[in-house]
Each structure stands twice: as structure tokens, then as C-alpha cells.
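A.B. asks: For reference, the chains in residue letters:
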Amino acid sequence: MKRVSVDIGGTFTDCFVVWDNQYVEGKALTTHHNLALGFNESLGDACKQLGLESSKLLSEVDSVRYSTTLGTNALIERKGPRIGVLVTTGFKSTIPLSRARGYGEGLSEHEQMDIPNASRPEPIVPIPMIREVRERIDYLGDVFWKLDEDDVRLRIRELVDSGAEALVVMFTNSVVNPVNELRVREIFLEEYPAHLLGAIPMLLSHQVAGRKGEYARGTSTIMDAFLHQTMYHGLGTLELNLRAQGYNKPMLVSHNSGGMAQLNSTDALQTVHSGPVSGIAASEHLAAAAELGNVVATDMGGTSFDIGIVDQGGVKHYDFNPVIDRWMVSIPMVHLVTLGAGGGSIARYDRMFGSVELGPQSAGSDPGPACYDRGGLKPTVTDADLVLGYLDPKNYANGRIPLNPRRAKQAIEDELCDDLDMDVTETAKLIKRNVDAGMANGIATELRTRGYEPKDFTILAYGGNGPLHACGVANALGVSKILAPPFSSTFSACGAGNVNQMHIHEMSTWTVLFNPATKSFYNQYDSFNKGVEELERRGREDLIRQGMPTDQIRYRLELDMRYGNQRVQTAVVTEMNRLTSQREVLALMDQFHKSYGARFGEGSQSPETGVRINTIRVCSYVEQPKVAFAKLKLSDKKLAPPEPVSQRTCHYVGQDKALDTPIYDDKALVEGTRIPGPAIVTTRATTYLVEPGWTFHAAAQGGVWFIKE
Amino acid sequence: MHDKISAEDQALLDKFLADNKMFLGPDPEIMRNHGVAPRSEAEEAVLSKGFDAHRAHHIRGLVNAALSESFQMVNQMGAAPGAKWGDLVTAIYTANGNLAMIAPHGIITFAACAFYPIRFIIKNWMDDPTVGVKDGDGFIHNDARYGGVHNTDQSMMMPLYYKGELICWLSSTIHEGENGACEPGGLPAAAESKYDEGIKMSPFKVVENFQLKRDLVTFLQNSVRDPKLQLEDMKVKLHAVMRLRERIVAILDQFGREALIGTMRMHLEDTEVEVRRRISELPDGTTRVLQFMDSSLRENIMQKISVAITVKGDRMIMDFRGTAPQFLNRSVNTNLASFKAALATGLLQNIWPDLPHTMAVLSPIEVITDRNSIIDAEGEMPQAMSLMPLFKACVAWTIPMAKFNYSLPKKYSAIIASQYDQAATFIYGGLTQHGDVTGNFCGDINGMGQGARSHADGEHSVSPVFGFMADSGEHEINEEDTPIIRLGAQRLAKDRIGFGKYRGGMGYEQIATARGSGLWGFMTGCEGSKFPSAQGLFGGYSCPSYQLMKIKGINIFEELKKNPNVVEVFDIIKLMNERPIPGGKYSSNDMGMTFELCSDGEIYMICQGSGGGYGDVLERDPALVMKDVREDLLSPDLAREIYQVVFDDKSLVVDEEATAKLRADVRRQRLARGKPFDQFCKEWVTPEPPAHLPYLGSWDNNAEIYASSMGQRVKMPADQMQGVFMPNPKDVAIMQLEGEVEKLKAQLAECQSSK
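If you read the sequences in order, they're chains U and W.
Numbering follows our numbering, with no gaps: position 13 of the first sequence is 13.
Numbering follows our numbering, with no gaps: position 403 of the second sequence is 1112.
Treat the hints with caution; some may be incorrect.
What the hints assert, rightly or not - Calculated lysine-lysine pairs in the DSS-like style (CA-CA distance at most 27 Å, straight line):
1) W:K1336 with U:K79
2) W:K1283 with W:K1294
3) W:K1384 with U:K146
4) W:K843 with W:K832
5) W:K1294 with U:K146
6) W:K1271 with U:K146
7) W:K758 with U:K657
8) U:K146 with W:K1439
9) W:K1336 with W:K1203
10) U:K657 with U:K594
11) W:K922 with U:K594
12) W:K1391 with W:K1370
13) U:K316 with U:K519
14) U:K519 with W:K922
15) W:K1283 with U:K146
16) W:K872 with U:K455
17) W:K1261 with W:K1439
Stated by the list, open to error - Here are a few chain U residues that sit away from chain W, every Cβ distance over 10 Å (derived from the structure):
18) D45
19) H317
20) Q546
21) E623
No lab work stands behind these hints, which were simulated from the structure alone.
Backbone N, C-alpha and C fix where the C-beta goes; we use that ideal spot for every residue, glycine too.
Isolated chain U, as found in the complex (with noise of 0.2 Å):
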């Protein structure tokens, strides 16, 4: 195999190359105003690592993905066309009122809890560019007001005519019928032909999400709208960068969905937060590979803590409405979760509970934490690494960012160390001791609202500060081992090479499987499975247009099931493609009874107050070549620590006294080999800290394993 992986993040833009049996990675500073150049120097890292030119490496590999955080960057910069809206006669405030709760969707808890100071954020689409259009359809579908087309030609000269580069309709249950929106665009197109100078691009609503809710639907397709072009270009000038370097096949993308798919057949939104979502991918396919099971992975980075789950058992976890920077959307988005606990999270004191508090608010990367000595004043989580003695002040961050031990110090004594009443290496202690608490309460709240428990997990540590931080976490969560995985400083970009080719797509349906008011159950099968049929042959088709061979195509069928008029909506994945018998709707009842109870509890269901299908979804996908992971199970090799390359005194947590700690660099990453904490090893990629009570084992491809004794 050979194939070339890109995670283009905020900061750095990290490559994975699969070069036949060699796994090499390439990391350089992103170029937000060209990607093109950090992308080339990235691969360039890698190249060099394999004596290989970029041109060659490029003509002759099988693909390239990316995933990308342009999307995110464009929100945060605003930076899109200006956007028409044209809604059904009655929801003209639907999207600037954000369902009440928008003033608080993306900020920390305190910031929510917060309201006098509440600000909704700066809106994409003004309201004076959103206008109503008589028309309206009932839950059902059923036409109930015929779609007025003069008023429909009359709204969009409007639009257009104050400066609209963009069209959105959101027409309230459009999902279930969606005549009217088809019919505006041709109206649209029959008043403002694509071929015409100046043509602007129309989104319907029901064409970017298939669910119900019509706030979240509407901007969903908002951002779609707004995010295209940036998306295009910037996806685009990548393309192009690659044709030029020899690589003639299509440039494929990462979706947020935990597939991929062509630039051409990929939605803008779909590929906002896919770094992280690759991230999660990865996992999934290391635990498959490695056969770790359960895993939960963590992203500790500068600014934030990421979680994802991965069920063993192929339970899919999605958010269906997630948060995109300030906006709630309606897009099957794999679950993640972000938590503001990073290397940079500022610690203050809590006057009221005499202890120390962290984030949600972050030093970032400018000015940073004191220790870089840009400015920052407060006190971070990596000043208090610092003086801990876990970084080296000299080779942090691969020795790109020197740090200043004394601005460290100097911070957490001028904000903390006197209300506490504690010396500055206490007072770090706390800090990290709070951090890690902190970090280990978000992972055991996500697992085990889905009905997990954390000691059934393995938890992978990645990002830049994970594995400093691993020990610590697991300490807080009561668990014993965590392998920080093989690639984990370019995680994503390794995980945008192991997923599939994949489309989903999802309806919204009234499907009672049981009425108790009638008690009767389900038959109406023709229905349930035109409706599968339909979403199959909308997956088949986007595979078929990027080349899939259709005897390769396969479909999940994933179910949101609900008892009575319950919000939940507990994805069920089913074997059955089709109904056909009341044995086969027992079963899928029965299917979703075990589900449910083993998230919220045995006896928790309440079958007797009815059973129904909210949303079908179907995932159509084509199976890749993966990257070979290694078995990454401890290995029975006692190899014994490498010469240490020097020796520092390290603080630590529980501990009342200073620890000699010695270091070591890589050549502490041969497989089996161990080493008793406390140390520290640091690599060209990362720091890892072993706490005591700890040992280091290093498995095979680079991965290693914490483990409690």
C-alpha cells in the first residue's frame, strides 16, 4: 500500500505515509494563507525521512485525504458569501432565535450560566437577508398551503437584489415532502439560469439534512452555503498543488461522518472537525487491529481535551445535532466531545472554595502559557508542568519553543501560591492534580451516560499533551492502563488514512412499531422499505460516481428508535435490511429494548408506551485497504531500560517529596521495552511522563502502555 494521509490543523499540518511497509510522518507549521506550502513542506518531512523525492512519492501513491479544519477557520473568520434566506410564512425568526438556548451553544458552562452578560454570536445570515414565502406542509406531508410561486419569484428578487451570493430554502417539513423547495429551485433556475453571468448557487434544506427540526436543518444548510466556497477554493488550490506534483487521481476528503469521500461529492459542512473525527477513526481501526476492545480515545492538545467512544460491539455513536463553532446543526456527526482542558488552560483561584480552578479559558497559542515568554501572565497547566520538572525547558515541542522556567514560577506565585497559602511546587501539584480530575470526570460522564463504565475501556492517550498527562487522568479515573497509540502526535492525519468511502444518508419517519392505544404493531413493510431502498440508492449512487464498482458497495441500516413521546433517539444498528414479518419487528423491538436498557438501565424501558422509528439512516460504503496496525498487546519482552540521558527532579502528585526522574529519548521506544516510573521520556514527537507506581512499556510500532503495578 501506499498512500498519503494530511491533517491540516490550526497550528501544524501533520502527514502519514504509508510507503509499502514503512510508516513515516511529516509535521510543519500550517500556511493559513496557501496550505499548498505547509502541506508540501509537511510531505517533504515525511519524503526525506524516506529518501524519497515528493514527485515520485506522489505519482505513484493509491491516494491522498485530508481532513481539514478550514471549515472551522472560516466560521471563526467569517469569511463566506453573503447569504439569502427564504423560509416558510410564519418562521421568519426560526434561525436568528436559535431555539432560545443559542445564546450559550459553544461556550463553557460558566459562560452559559452567565445570562445577563449572554451574546448571541454575530449572525451569518442578517435578518433583513431572510425572507417568508407562503407555502406550508404538515407533518405528514400533506400540502395544506399551495406553494404561492409570484411570492417565491418576488422573495428572490429581493435576495438577489440585496446582494445575496448565495440562496437557502428552509421550508418547514420539507423532509417529508419536499415539492415546494424542488419547486423554488425551479423557479429560481427558470428566472436565473445557471449558465447566466453572476449565477449564484441555491441549497434546499431537505437536500443537506434528512432529518426533522427546523432550526437545526436550516443552518445546516446555511453553513453549507457559507462554507462552500472557502471550502472549494481551498480544497481545490490543494488539488491543483497535487496535479502539479504528479498525482493524477482524485484527491479524497474526510468527513466528520467517519468516512470520506471525492471533493466533488463532499458537502462543506461534512468537513468541519474531521481531524478530530479521524482521530476517532483511527482508534477504531487500532482496536480492531490491535484487538483492545472497548476504547475510549482522548485528544489533549494546547487549548482542549477531545473524547470519542469506540464500541467494540460497532455500537455507532453520533451526535445529530451537534455544535459547529456557535451554531447547533442537524448532520449525523460522529460523537465527540471537547472539553477546555489543554496545556494552555489558565488556572485561577476559587475564593470561595479556597482551592484552584482550570479553564475554560486558554492562554491558546498567543501569547501562550507564561513559560513561553510572549506575554502570557497567567498561570497554565504547562507552567505547572514546568516546574514539576516533567518538560525540558530547552527540547520542548521538538525544540521549536523554548521555555522560561522563571516566568512560569513567577506566574503561578503572583496569581496563586499566596491565597492558597502554598509554595509554588504545591501549588503546581494541585493544578495538575485538578486538571487531570477534571479530564477524568468528562471522560467518565461520557462513557457512562451511554451505559459505559471506564474500567471496560482502554483509553488512548494522544495529542500533544496526552501522554504527560495519561498517568495522572487514569490515576483520577480509577483505571490502570492506557496506551498511548502508535503515530499519536499525527493521530489524525493517520486516522484520515483508514476510513472508508462513505455516504450516509437519513430520513425521518413516523414508523410506530407498537401502538398501545390499538395495540398493534407494525406492518406496513412496503413503506419501511422503500424508504431503505431509497436512502441504498442515494448511497449507491454517490459511490457509482466516484468510481465504486456496485458489487463492492455495503449498507448499514441504522434505526433512532423512542419509546412513547420520549426526546431520545437511541440509534439501534440492524442486520435486517428489510421487513417482512411481525417476527422481524418483535425482533428489532427487541433489539432496541436490550440497547436502551444497557445505556439507562435494566427495567429503565417502557415498551407499554409505545415503540417508534424516528429516523432511518443508511451508511453505504466501500471497504479500503487499511493501514496495518501491529498487535499492540503487551509484549511478553523484558527489555530493560536503555541509558538514561540525564536526570531531573520531578514533583509529583501524592508524592510529599522530590523525585530523582531520569529522562530518556527515543531509543526507549523499542518494543519491550520497560521502564519502572518515575521517568520521563522524550521524543522527537511527544513527552511521556511515567508517574510512580507506573511502568513504561513500549509495544510495537512506537505505541506504549501505561500500566499501573
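Please build the complex by placing chain W on the supplied structure of chain U, with the hints as guidance.
C.D. replies: Just chain W, lined up with the frame of chain U:
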């Protein structure tokens, strides 16, 4: 007569009374005490040894994670609209019933009320051999007289025993909606006594060995219109509490009983200390605000809520004396315990949002009320629509505290005018299109307009006055479950704003009808149709009053089929002014509508309201005025009339110079109109409320209370206040009609005799 009783005899009499209680009703000893109880022996034993604050911090994080997990469970599993859209909570209490911690995002008032029934259980059931409290038990409760907002909320409370010792209590509460009252939906404004309020559960055991008792569940299902909902959400609350229990037991296993006992107690005590410290930061003095409720939801009647906040060092006293008397037969009363819980919510939501959510925030604050007032109602009175005074309690803080906080160097949040404080949402009931009987309310209650701030306009429809991150929902999803069709789902209510230098955040129009049900109806439980609900601050305007509009006697679906152009747009003002639907009976009403049947296609229209404005309208940046005009939130005429801005009609470009001149002129006119305060008082102050005005509350002396009872004005000493009895509005209408008939008869007789 022998009225001298020896101490020994008295003790015997007391024992007899204690042994022979006829009815364990709401206990004033419990219900009137909102303070944190003194340290228990166990707490004292743990804390007297010294307790590590950092350890407490760690355990607090774990408890919070557990509360958050159980909250999410209820939110996701719950079937009641309230649960789906955020009207719920989970919480943990100390062994002696102090509310220690609340799930982040949970409804504070719910938890801040639920410690009362827990104390009731401790006091009455713990040692009662016929009931008892043991591991695996669960108690249910909904009657607000034992603690609670109103009887539509149901709580599940569970004791947690660890190694045989009661360590803490856990609870889960949902606004369930339907509860079998005289009107569907759980908020019966028509209730004339507590017996009209549906099921009234004093705290009783409904769970043993962690299992719901099916006989009792059946009894409760049989008492409400929606047995499906009753069953489903009882399971939800039980399993959420059980999950919370599992997590707390894990904490106890890991850290031991002392760690949890010490953490909860420290959490309460540290919070109390912080509140006192913050009070002592405020300048000494008294600030006041008067609030008015303008309806009993059956008739228009002014009810005063008098608020004076006094700060003396680290003491804060909230004095509500002079407030209107309670109604004997109207549902807008509240008991004091519920009122205090709403005060706690308001303090956390509007003034000190960074404080932990616990009862200790209100514990140091002294609250003075008149017994039998509308906020301290007692006896058999109904309180199904206690939301009316309770929402006032949530916002009571904003204006007086803004005056205390304004000049402080360190503020804990923004200076803000009052939020719109009415439950402006449709309550509904009947048969769904699927044949289910239901009754509940819509999520639009969560979209109240925010008051303007000292630094910015208020946010439109930001949250309810009682909750954080609550959700107004998605109508496509709502329409699946009920026959309600939104013709106007969410349209910002143009011109209906609290004006000011910064304007209040706006509310939105809600236009609803029903389709496909054989039996459906609506009610609305709102005040503020005559007297504005949200007050402005420092010169800002109040919000306007809002009415309920109806178009009856039509079927809009048939009309639209016949003529799709019959309505240009579903906009309340256009519909009411232009009356485009032929044959419709258009009416404007106050927003207190008891349950009314709605035929297919009849139209009901209400508004979520705006928050109050901040500061002088003449100081509003003309650019902000024109932004509102461009966004169609403000008419050009009002931009001129209120804000005194001069601009070009077509381009909307402001003439800055002319505007400045015009505003200077207006200021001069104001000065010219101005009067010395004494003169103003002489001209305006009257010795009594106007005779024609139905009025409840003090006038110029808080010791004297005015009331209208059975149509008669009465005056009574505040310390001997009596409840007010109102005639049935139908009887009043009949009397009026009969009077008219008599007059007509007399005229007829006169005509006949003159012939």
C-alpha cells in the same frame, strides 16, 4: 373556667396531641424555614477534625459529574415536553435534608423546593412503623404545599444508605404537565380550590427495593389524563436517581463516608460565607421596586408586590410587606417556601450567576412577608398558577440590586433591566391526531426576552426567567406529537419593545391552530395584558402589554384551500387590523384564558414579550435605531417618535446634526415640563387607590392593605390579613346581562305604558 394549666398537665396535653395527629399536612416548622440546618453530629464530627479544601474540590467534581450524567438521562429519556426542553433537575441533599448540589443546567427552583418534602419525610415517615425509610425506597411528591413550584411538577426522592447509615438524599424532578386537574395540562387557572388542582401527592413511598409499586403507579395513572406519560416518566425519574445513587456509592467506596459528608457540608458553608462576603461589599441602604400583577387569570385585578431590599453590613433583608392578600378562590397564589425557592433562582440567574447552585445562596438572606399575602398564602387556597408571583420573584432582584451594584468596582455579572416574566406559551389538551389523550404546554415558555443591559441591548428570547440553556424546541417535531399547527412559529414582535438607550430583547409572535383532532383546546396563563410585565431600568421603558387574539368561527385550512391568497402573512397586527379571513370572529382578550375548545382551523395568537429597556431613549445610538428599522423590528414612525432620530425614509441614512438638534430640543421641552418633586406628589398622589380600580395591596402605608372582595373595597391591617374571595366571572357576566335585560324590560314597559 379553669384556664390555668400546670406544666405537667401541659406536657401531657402536648403528648396527646403529638400522638393523635389527625392529618400530617404541610408543616409550618418545615415550610417556613429556608435556612441551612445546623451541622448534624456526623457533620460536626467530620469537620471538627479539619477538612482538606482540595479534597473537597476533587469530590465536588465527581458529584457534579454524577449529577450531570443523571440530568442528561432525564433529559433524554423524559417524555414530558418539560423534560425534553429543559424543565427538569437532579440534586443531592445532606442526610438532614439540606440541598447541597444541583445538576448544572438544572432548574434551581425545583431542587430548592424539594428539600421541604425530604424534611417532611425525615420528620414524619422515618420513624413511623407503617411507613419507614430504608435503602431501596423511593418517595414521590407533587403537592407544592409540601414544597414545590406547582402540582404539575413531580419529584422522585431516594434516601442513600451506605453501610447502614443514611448519608444523603437524591432527587429528580420534571415538569410533567398533565396531572388530572380541572383543566388539562397541569396548570389549571380555573382552579377555585386546591381540590380542582388534580392529584395532590403529599410525599409517599412509591418505590421499594428499587422497584415501582405497580398498585400505586396504577392509582396515579388512573388520576391523570395521560397514563402513558405518568408511567413513562416515573420510570425515568426512578432510573435517573438510581444511576445517581450508583455513582455516589462509588464515591463513597473510593473516598469513604467522611469525604462525602464533609464535602457537602463544606460546600454549603463556604457558599454561605461567600454570600455574606458579597453582601458586605454592597453599600448599606435600602432600594425598592414595586411590581404589579394585573390579573387573577379570571379577571383583571391589580395585585401589588412590594419589594424593599436593605443591606446592613453582611445582612440582607428582603421586605415584601405591603404585598397583595392571597385569593381564596383564584390559583395565582404561592406559599412562602415556593416563593423563596424562586428568589434563590432569581439571585443566581440575574445577580450572582457564578455562585454554586445550592440552597445556601439564600440561606443568609432574611425574608419578611405578611402572612396570608399572595406570596405567603396558606390554608386551602389553590396555587396551580403560582408561576405568576414566582416569576415576579425571579426578576424581583434586578432593579434594586442594579442600584446597589452599579458603582461597585467588581461586578459579578452585567447590570440588567427586568426580563419579561410571563409564561407566554400555549397550554393545550385533548385528543391527539393519534388518538392519545394528552395535556401539556409548549416549549415557547423558554423564549422570554431579556432586559437591556448597561452595555448592550437585551438578547431576544434568551431563556426563561427560571432556567439556563432551556430550549424553545422545534415545531416540526412538536407537530408529530400533537395536532397543533403553527401558522406563526417564531416571528419577532415588531415595535413591541422595552425602549431605552439599550432596548430590551424582543419576544416573538406565536400563532397556533389545531388540525386532525376531534377534541382539542387551548389555554393561556399569562398576565401583563393591561400593565407591563417587565420594568425598565434607569429611564428605560417597560415592555408593552400583550394580548391574546383569536379568530374563531373559521377553518383556516379550508380557507387556504379555497383561496391561497386569503392571508398575505401570518402576522398578528396585520391579521387583526385587516381582518382578511371572511366570516371570522376577531377578538382581543387578556392573556388569562382558561381552557377553551378550538375547532379545526380556528386561530389563537399570543406573544412572548420583551425585556425592559435601559437608560434614556434620547441616548440611543441612532445607528442602533436604524439597525432595528432595517431588521424590521421597529417602524420608522416609532424610530422618530420614541428615539427622536431624523433620517431619510428611503435610504435610512441618519441626519446626525438634525438628530442632535432635535434631541436637544426634546430635552429642553422635558425641562420645561419638569416639576419639583413635592409639587409632582401634590398633583399625583391620592390617599387611596382609584375607586374604579380593583386593587390589592398597600397604598402608601404597608401596614394597611386594600382589597376587593366580592366586588367590595375593603381595608385591613396587614397583620390580620384575610384572603380575597372573587365572584365567578360567569356569575358576574350573568348579573350584568340580567341587569341589561331588566333595563330593557323597564324601557319596554315604559314604551308600552306611554302608548
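A.B. asks: What hint numbers does the structure not satisfy?
C.D. replies: Violated hints (numbers, rising): 3, 8, 10, 12, 13; every other hint is consistent with the structure.
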